[in-house]
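Here the protein sequences come in this chain order: H and L. For the first sequence, position 176 matches number 175 in numbering that gives the first Met the number 0, and the numbering has no gaps at all. For the second sequence, position 597 matches number 596 in numbering that gives the first Met the number 0, and the numbering has no gaps at all.
It is worth saying that the hints were derived from the structure and are not from the lab. Hints should not be assumed to be uniformly reliable.
[As the list claims (entries may be wrong)] Listed below are several chain H residues computed to face chain L (Cβ distance under 7 angstroms; list not exhaustive): (1) SER80; (2) ARG83; (3) ASN84; (4) TYR89; (5) ASN95; (6) ILE97; (7) LEU108; (8) PRO109; (9) GLU111; (10) HIS112; (11) ASP175.
Nothing here was measured: the structure is a model prediction, and the numbers come from that model. We treat Cβ as the ideally placed atom computed from N, Cα and C, and that holds for glycine.
Residue strings, one per chain:
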Amino acid sequence: MTALVTINNINKVYSKGQVKTHALHEISLSINKGEFISISGPSGCGKSTLLSILGLLDTPTNGSYQLANIDTHQLKIDQRSQVRNKHIGYVFQSFNLIDSLTVFENVALPLEHRGMPSADIKAAVEKQLSAVNMDGRLAHKPSQLSGGQQQRVAIARALVGNPDLLLVDEPTGNLDSQNGDAVMQLLKTLNENGATVIMVTHDERYSQMARRQIRLFDGKILVEHKEAVA
Amino acid sequence: MSFYFRALRHGVQRLFTLPRLSLPVILTLSLTLAAVLAVVAISSNLIFKPLPDVKDEQALYQIDRRVTVSGELTTSIFTKKRVALLAQQYQDYGDFTSFSVDDDKVTVNGTHYPVSAFSASDNILDTLGGELLLGEMPSLMNTQDAIWLSQSLWHSAYRSDPAVIGKTLHLGEAEMQIKGIVTDFQSFTPGNDEKYSQQVWRYYNLAEQIKTPTLMTISGDVRALFRETSRPITESDVEQFWHNYYRDHASELGPMNSIIESLGPVTTVKQYRDALMLEQNTMIWFLLATVIILLLMASLNLLNLFIAHYQQREQEFATQLCLGANRRKLIIMSFLENIPTFALSALLGLLGAAWIIRVLPIVSGGNLELIELVQLDMVTISIALITTLIINLFFAVLSTTQFNQQQLVSNLNSGNKGLNAGKVTVLSKVLFIAQISSAAVILTGTAMLAQSAFSTLNVTLGFTPGNTYVAEIIRHGELPELPDEEDVNEPERHKRFNAMIAVKNSVTTALHQLHHDITVLQSADEPFGFASTINMTQNSETNERLTFLAKYIAPDYINAFNIPLLAGRNVTEDEYTSQARVALINEAFARKLTTDGTLESVLGIKVASLQVVGIIANNYTLMSKGDGYPTLFNARHALDNLNMQLVMQLPNEHGLSSEQITQAITHAHPEIKYVEVKSLNERWATEMLDERVQFYFVAGLSILTLLLAAVGSNGMAISFTELKRFELAIRMATGATRFTLLSHTLATFKHLLFSALGIAITSACGLYFMLQKQVAMLPSFSWPSLFFFTSLLITIVFFAIILVVWRIINADPMKALREQ
Numbered sequence: 000m001t002a003l004v005t006i007n008n009i010n011k012v013y014s015k016g017q018v019k020t021h022a023l024h025e026i027s028l029s030i031n032k033g034e035f036i037s038i039s040g041p042s043g044c045g046k047s048t049l050l051s052i053l054g055l056l057d058t059p060t061n062g063s064y065q066l067a068n069i070d071t072h073q074l075k076i077d078q079r080s081q082v083r084n085k086h087i088g089y090v091f092q093s094f095n096l097i098d099s100l101t102v103f104e105n106v107a108l109p110l111e112h113r114g115m116p117s118a119d120i121k122a123a124v125e126k127q128l129s130a131v132n133m134d135g136r137l138a139h140k141p142s143q144l145s146g147g148q149q150q151r152v153a154i155a156r157a158l159v160g161n162p163d164l165l166l167v168d169e170p171t172g173n174l175d176s177q178n179g180d181a182v183m184q185l186l187k188t189l190n191e192n193g194a195t196v197i198m199v200t201h202d203e204r205y206s207q208m209a210r211r212q213i214r215l216f217d218g219k220i221l222v223e224h225k226e227a228v229a
Numbered sequence: 000m001s002f003y004f005r006a007l008r009h010g011v012q013r014l015f016t017l018p019r020l021s022l023p024v025i026l027t028l029s030l031t032l033a034a035v036l037a038v039v040a041i042s043s044n045l046i047f048k049p050l051p052d053v054k055d056e057q058a059l060y061q062i063d064r065r066v067t068v069s070g071e072l073t074t075s076i077f078t079k080k081r082v083a084l085l086a087q088q089y090q091d092y093g094d095f096t097s098f099s100v101d102d103d104k105v106t107v108n109g110t111h112y113p114v115s116a117f118s119a120s121d122n123i124l125d126t127l128g129g130e131l132l133l134g135e136m137p138s139l140m141n142t143q144d145a146i147w148l149s150q151s152l153w154h155s156a157y158r159s160d161p162a163v164i165g166k167t168l169h170l171g172e173a174e175m176q177i178k179g180i181v182t183d184f185q186s187f188t189p190g191n192d193e194k195y196s197q198q199v200w201r202y203y204n205l206a207e208q209i210k211t212p213t214l215m216t217i218s219g220d221v222r223a224l225f226r227e228t229s230r231p232i233t234e235s236d237v238e239q240f241w242h243n244y245y246r247d248h249a250s251e252l253g254p255m256n257s258i259i260e261s262l263g264p265v266t267t268v269k270q271y272r273d274a275l276m277l278e279q280n281t282m283i284w285f286l287l288a289t290v291i292i293l294l295l296m297a298s299l300n301l302l303n304l305f306i307a308h309y310q311q312r313e314q315e316f317a318t319q320l321c322l323g324a325n326r327r328k329l330i331i332m333s334f335l336e337n338i339p340t341f342a343l344s345a346l347l348g349l350l351g352a353a354w355i356i357r358v359l360p361i362v363s364g365g366n367l368e369l370i371e372l373v374q375l376d377m378v379t380i381s382i383a384l385i386t387t388l389i390i391n392l393f394f395a396v397l398s399t400t401q402f403n404q405q406q407l408v409s410n411l412n413s414g415n416k417g418l419n420a421g422k423v424t425v426l427s428k429v430l431f432i433a434q435i436s437s438a439a440v441i442l443t444g445t446a447m448l449a450q451s452a453f454s455t456l457n458v459t460l461g462f463t464p465g466n467t468y469v470a471e472i473i474r475h476g477e478l479p480e481l482p483d484e485e486d487v488n489e490p491e492r493h494k495r496f497n498a499m500i501a502v503k504n505s506v507t508t509a510l511h512q513l514h515h516d517i518t519v520l521q522s523a524d525e526p527f528g529f530a531s532t533i534n535m536t537q538n539s540e541t542n543e544r545l546t547f548l549a550k551y552i553a554p555d556y557i558n559a560f561n562i563p564l565l566a567g568r569n570v571t572e573d574e575y576t577s578q579a580r581v582a583l584i585n586e587a588f589a590r591k592l593t594t595d596g597t598l599e600s601v602l603g604i605k606v607a608s609l610q611v612v613g614i615i616a617n618n619y620t621l622m623s624k625g626d627g628y629p630t631l632f633n634a635r636h637a638l639d640n641l642n643m644q645l646v647m648q649l650p651n652e653h654g655l656s657s658e659q660i661t662q663a664i665t666h667a668h669p670e671i672k673y674v675e676v677k678s679l680n681e682r683w684a685t686e687m688l689d690e691r692v693q694f695y696f697v698a699g700l701s702i703l704t705l706l707l708a709a710v711g712s713n714g715m716a717i718s719f720t721e722l723k724r725f726e727l728a729i730r731m732a733t734g735a736t737r738f739t740l741l742s743h744t745l746a747t748f749k750h751l752l753f754s755a756l757g758i759a760i761t762s763a764c765g766l767y768f769m770l771q772k773q774v775a776m777l778p779s780f781s782w783p784s785l786f787f788f789t790s791l792l793i794t795i796v797f798f799a800i801i802l803v804v805w806r807i808i809n810a811d812p813m814k815a816l817r818e819q
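Use the sequences and the hints to build the structure in full.
Below, the structure written as structure tokens:
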């Protein structure tokens with residue numbers, strides 16, 4: 000099977016004055032299309048840093064990262080935006096929906112940045128919102144939605160451009176258990192339909208829903224558990 | 000809806016939904032643009048555009064020789080004859096022409112039209128480049144009792160009727176026949192009179208003026224123009240002409256040469272445009288510098304506002320970047336969002352500039368020549384658009400440059416916590432100091448100008464004007480010149496004096512019927528000196544030549560206006576009735592004449608053949624714009640013409656209109672032909688109009704500057720306090736009251752604030768002292784004014800900051816904690 004993501008010996012060091020923090024230490028991973036991976040670990044272990052690097056929101060201090068056969072090290076800032084737009088969907092713990100835009104407009108953003116015609120955008124957005132059961136709220140503003148609904152809109156936005164890789168950062172962190180379960184069920188369904196999902200979570204229950212579980216500690220992979228493919 | 004169209008739509012919505020941003024931006028930018036564009040329009044029209052009605056202006060020169068009569072008062076000594084002689088001497092150099100202009104009125108079918116009345120040599124149309132539209136060209140043969148109308152007057156008085164040629168009209172009292180219509184002439188300065196596009200022209204032949212008698216007159220006030228055709232005329236050429244003139248006319252001119260030389264004559268040959276513009280190029284550059292500082296300050300203010308605004312939108316921008324938008328796209332989005340606000344500001348700025356251009360002729364107080372030619376042109380409109388586009392683009396670029404990789408991740412992963420981790424940037428601090436410094440620089444300038452204008456408006460007069468009216472009366476008839484021989488002169492003078500008194504008595508009776516409390520003074524003049532004449536005498540001790548104001552008074556003068564008598568005595572009733580050769584002088588004159596420093600030593604001496612019997616205190620006069628101009632108060636009336644002036648007083652609480660008094664006087668005596676009445680208060684108000692408007696203008700500029708400082712401080716405070724929101728929340732959670740939070744926030748601000756004010760005031764004072772050496776027109780430095788305006792600035796800055804901090808403290812700072 001072709002590897003969608005290949006990272007080799009990645010390190011990330013934050014420097015502030017004389018103080019250096021080693022957030023990631025010699026991380027190597029290979030992720031195939033269609034996998035559902037959870038990354039867990041205690042606070043400060045490097046989960047979010049790893050996800051940021053995978054999402055091209057941050058760059059490693061050293062090491063290599065290939066996404067869909069693209070060497071991300073060579074990319075300039077605007078090229079990184081293009082790769083993000085085409086290959087990555089990102090779901091944040093705090094949703095990061097834009098308050099001034101409607102649900103429809105929020106979901107349409109990645110396609111607009113891609114330069115897609117309006118009619119195609121409309122069709123794609125409506126389809127995606129329907130997939131997350133938010134098709135009745137197209138004209139609502141994020142502030143008019145519950146946390147669970149906002150997260151479903153955020154997932155729709157992440158998926159609307161058919162990305163190769165869905166990065167999910169603590170998707171249930173701001174949700175109650177009922178909404179959290181629903182969101183996790185949605186992610187599982189998406190994965191079963193072919194989406195590659197990498198999820199950061201500190202919730203052991205949700206972590207175990209992934210077929211491949213990676214546990215980080217002090218910036219290193221402490222343990223990796225992989226379910227056998229049925 | 001496309002991404003860009005939505006950005007534009009959000010921009011329009013933001014005008015209403017985000018007044019905290021849009022209002023200060025529109026207010027700041029439009030007011031500042033109005034000032035900038037008005038000055039740009041002035042520069043564009045007055046400095047760079049050719050004069051509208053002068054052909055080939057590079058070859059046209061104004062030749063002048065001026066003497067200084069007093070202070071700022073100078074006069075040209077060119078007369079028609081002198082220009083004619085100059086033209087004769089240098090006829091091979093090019094063409095000479097001359098003109099003078101006064102305001103007057105023409106009467107057509109009973110309707111009066113105020114006009115600029117020109118008296119010009121008949122070659123002026125060719126020399127300047129004007130056109131004859133109708134009728135015949137002026138020549139030696141057709142200028143007697145003839146008049147040419149300007150196109151504007153032809154249009155307003157005759158509706159452009161071609162059959163106007165040959166008709167008659169009245170210019171003042173004289174009947175004139177219309178001989179032609181010429182194009183309007185705008186490129187002239189009206190001197191002290193009003194300027195009108197409705198004009199009349201009377202022509203004379205320049206060469207013929209050589210035959211007229213040589214007069215020993217100083218003030219000529221004829222403008223001599225020269226158009227170069229073969230070689231340029233130099234100042235040395237003109238000096239040579241005057242040398243020849245004095246030499247060739249020595250017998251007729253008598254002591255005039257030495258009098259003129261004592262007044263420091265200055266010869267100039269300037270291009271006509273430069274002569275028109277006088278020193279206003281310096282003023283325009285000065286204004287341009289001021290408004291550019293204002294624009295800079297406004298931009299700094301807006302920058303702070305936009306920094307604060309974009310800080311609040313960091314997370315949104317980070318999300319957009321994460322979803323695949325590149326920086327260029329975000330810049331375009333910000334640019335489009337700002338377009339409605341900036342476009343509205345530019346539009347309001349242009350409207351404001353148009354309004355300023357309308358009021359500038361009044362505001363400038365006659366100091367800006369040709370200001371009526373200024374209009375909003377394409378250059379000005381283009382500059383408005385370019386300026387707003389550049390500022391907009393700059394702010395749009397700014398919206399994304401503040402992001403670095405780490406901030407992006409931080410914002411996305413930490414929700415609103417990213418804001419709380421921020422710090423006031425060095426850029427923000429520098430901007431704050433720069434804008435407070437700019438405000439201080441402008442305020443220092445305006446403080447001095449305001450102080451100067453305020454002092455002028457609130458001048459100590461040194462007399463009580465009271466409820467006084469002045470009537471100018473012209474009587475019917477003709478008066479031969481007064482004979483020189485004493486034995487014939489005196490009886491004739493008494494006859495004329497008695498005739499004048501008879502008219503005055505009739506007027507007094509008529510006025511008493513109008514109002515029983517009215518007092519007609521024996522004195523013919525009032526202290527302001529609206530109708531005074533300037534004379535010259537020589538100090539017999541020092542041979543120094545002295546210029547002085549001459550006023551015609553009577554014994555009632557000093558009591559009527561409460562002017563203290565300092566030495567000697569008042570003129571007596573007998574001296575006035577007998578028209579004795581006695582006079583009072585003021586202290587300023589006495590100080591120039593005294594031989595031992597005492598006022599008493601001047602008593603008894605003769606000035607202009609009048610014996611000084613008393614010395615009175617100085618008072619404000621229009622001539623000196625102060626209280627120290629030497630003045631002679633003559634009890635012996637001028638009786639060489641049929642003009643007379645009447646001064647009347649009413650008790651303060653009583654009022655009569657000038658029209659009522661005019662009506663009463665007109666029918667009081669059959670000899671009275673023409674009457675014009677004005678109250679001293681009206682005249683003073685008119686006289687001070689320029690100063691009042693200038694004061695309001697300076698006050699307006701100060702208010703605009705303070706407003707900009709307030710907006711700038713507001714932006715800075717928003718930015719600063721937003722960054723502190725998280726800290727404020729924690730402090731509140733741990734028991735701090737709102738007042739504690741306010742004082743804590745202000746305390747963290749105070750170092751920046753006091754450093755900014757210190758730098759600002761020091762740099763402003765330093766710059767002002769430096770500029771004062773370069774620009775003579777700047778008023779002297781005034782510490783009280785600086786203190787007042789600086790206190791105002793500090794108060795406004797503090798108030799703006801407190802307002803913002805208090806608002807943010809009251810807007811639920813605990814939300815920051817809950818969001819965590």
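Next on the checklist: Output the indices of the hints that this structure fails to meet, ascending.
Outcome noted: When the structure is compared with the hints, only number 11 turns out to be violated.
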